[in-house]
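A.B. asks: Chains as they are written, first to last, in the working numbering: chain R, 258 to 520; chain H, 258 to 520.
Take these hints with a grain of salt, some might be off.
Which copy is meant is left open, so a pair is good if it fits within one copy or across any two.
To be verified - The calculated PhoX-like cross-link candidates involving lysine-lysine, where the alpha carbons are at most 25 Å apart (straight line), are:
#1 Lys284 to Lys377
#2 Lys323 to Lys297
#3 Lys284 to Lys393
#4 Lys462 to Lys323
It is worth saying that the hints were derived from the structure and are not from the lab. Here the structure is a predicted model, which means the values were calculated and not measured.
Number of protein chains: 2
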Amino acid sequence: MIIVKIGGGEGINLEGIIEDLSKVQEKFIIVHGANALRDKLAEALGQTKQVITSVKGYSSVYSDDKMIDLMMMSYAGIRNKRIVELCHKHGINAVGLSGLDGKAVQGVRNKGIRVYQDGKQKIVRDFSGKPESVNKALLDLLLEHGYVPVLTVPIVDEENNAINTENDDVVRVLQHSVRAGTVINLIEAPGFLVDKDDESTLIQKMSPLELESREQQVEGRMKRKMLAVRKLFEAGATRVIIADGRPEHPVADALSGKGTVIA
Amino acid sequence: MIIVKIGGGEGINLEGIIEDLSKVQEKFIIVHGANALRDKLAEALGQTKQVITSVKGYSSVYSDDKMIDLMMMSYAGIRNKRIVELCHKHGINAVGLSGLDGKAVQGVRNKGIRVYQDGKQKIVRDFSGKPESVNKALLDLLLEHGYVPVLTVPIVDEENNAINTENDDVVRVLQHSVRAGTVINLIEAPGFLVDKDDESTLIQKMSPLELESREQQVEGRMKRKMLAVRKLFEAGATRVIIADGRPEHPVADALSGKGTVIA
Chain R
258 MIIVKIGGGE
268 GINLEGIIED
278 LSKVQEKFII
288 VHGANALRDK
298 LAEALGQTKQ
308 VITSVKGYSS
318 VYSDDKMIDL
328 MMMSYAGIRN
338 KRIVELCHKH
348 GINAVGLSGL
358 DGKAVQGVRN
368 KGIRVYQDGK
378 QKIVRDFSGK
388 PESVNKALLD
398 LLLEHGYVPV
408 LTVPIVDEEN
418 NAINTENDDV
428 VRVLQHSVRA
438 GTVINLIEAP
448 GFLVDKDDES
458 TLIQKMSPLE
468 LESREQQVEG
478 RMKRKMLAVR
488 KLFEAGATRV
498 IIADGRPEHP
508 VADALSGKGT
518 VIA
Chain H
258 MIIVKIGGGE
268 GINLEGIIED
278 LSKVQEKFII
288 VHGANALRDK
298 LAEALGQTKQ
308 VITSVKGYSS
318 VYSDDKMIDL
328 MMMSYAGIRN
338 KRIVELCHKH
348 GINAVGLSGL
358 DGKAVQGVRN
368 KGIRVYQDGK
378 QKIVRDFSGK
388 PESVNKALLD
398 LLLEHGYVPV
408 LTVPIVDEEN
418 NAINTENDDV
428 VRVLQHSVRA
438 GTVINLIEAP
448 GFLVDKDDES
458 TLIQKMSPLE
468 LESREQQVEG
478 RMKRKMLAVR
488 KLFEAGATRV
498 IIADGRPEHP
508 VADALSGKGT
518 VIA
């Protein structure tokens, strides 16, 4: 089994990824993002991100109903269905699922953030949270009958609300459940770069034991990504490949050793 | 088996419909629209409907890539996932599927329309067509394992493109395949009205033999709807209920004999 995480960046070559996957013999599950599409759509709709600041000074994006609608449009709507369409064009019988569908991905909603409002302290609770488990029975049912699940956010919380979450966390709970031999993480970079602006600093091979120190070498998105990879190994991963989602053959390249292989 | 077609009008009481369905003992499949939502979203995005006129003078909406994206956002995105969310809140384990997912609804793309362009005749082909069949194996697989399929457009064509189609046609091919004992069609009216502006002209009972003459009594949307109902009987329907989707208990009302019962 392979889990293929497709990043939501604008430069990701979806066509190439799906073409490659049509030649893969192993079973696989796709998890995808759509952040560039979501941001573009939010802009077109004049829907600005609401940021809230906690009493301790931490800022976070506020996922209100409108934000969940936006996720449903971009992740579960356009991106999910266009990937499913591409799959069919390459002979892959895909079924697109948000975490809501058949409770494919179940999570727990965040408890709320303490903020100041009109001079008073108040708890503000949005529709975001963390995934806890996947509906393995449903995924197995589909896989056993020749369907390829294509998963994305939103997911469902303990009170059956649609909630926003990180796709990296979805991949982690999925890995914990299906124990894939390989997780491929397709991003808009050649792999793990010590200096994000210098492709010659690509690390081609890494031991899971190095992950914590490598995490300290980098900043921003890559730091979060390395933390997510570390958690993936805690969830039972044996091989994670961080690879470039932009070239002609992203998956074939990744499986032939390009990118950063962590094993 | 019951097929529940939920119209895409703004006044439809989704919450009431799903609450009612949670008390229904029979198995059911939901097919839903989202036309009001689609139009609202198109307006917000400044995306105007493109209408093309054939050389013979017939006008139709042109379903380009952008229109399909819009269908994915509104039908397969927001509306489908919000209905699935509502289902879970009422204990119904729903799985939302566009016609693309697992090729749930397969169709044939329209061949194109002959138009004048820059003084020359030209064939213009959009992404629209007619459904031909459903993937009954997939629907049965889900139903047998306790999941309720929630179907919507777009569907998949013979070359694996996402295409637009009428949900009434989807209901017809679905009925042809699953042979539901009852089809409930929830709309923004109390049922079949001889005079659409006078609710006292509601016809409560109708024989399928009357359908053709009743179709001649009305205009516009209702005329098309009656044609769709007639085709439903050709597809093996034995009872079709056209009922109001707006009151507190649309499905309970329909099953207790309110609306127009055609049998």
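A.B. asks: A separate judgement is required for each hint: does it hold in the structure or not?
C.D. replies: Comparing the hints with the structure gives:
no. : hint             : in the structure
1   : Lys284 to Lys377 : neither (54 Å within a copy, 51 Å between copies)
2   : Lys323 to Lys297 : both (15 Å within a copy, 14 Å between copies)
3   : Lys284 to Lys393 : both (14 Å within a copy, 23 Å between copies)
4   : Lys462 to Lys323 : neither (42 Å within a copy, 42 Å between copies)
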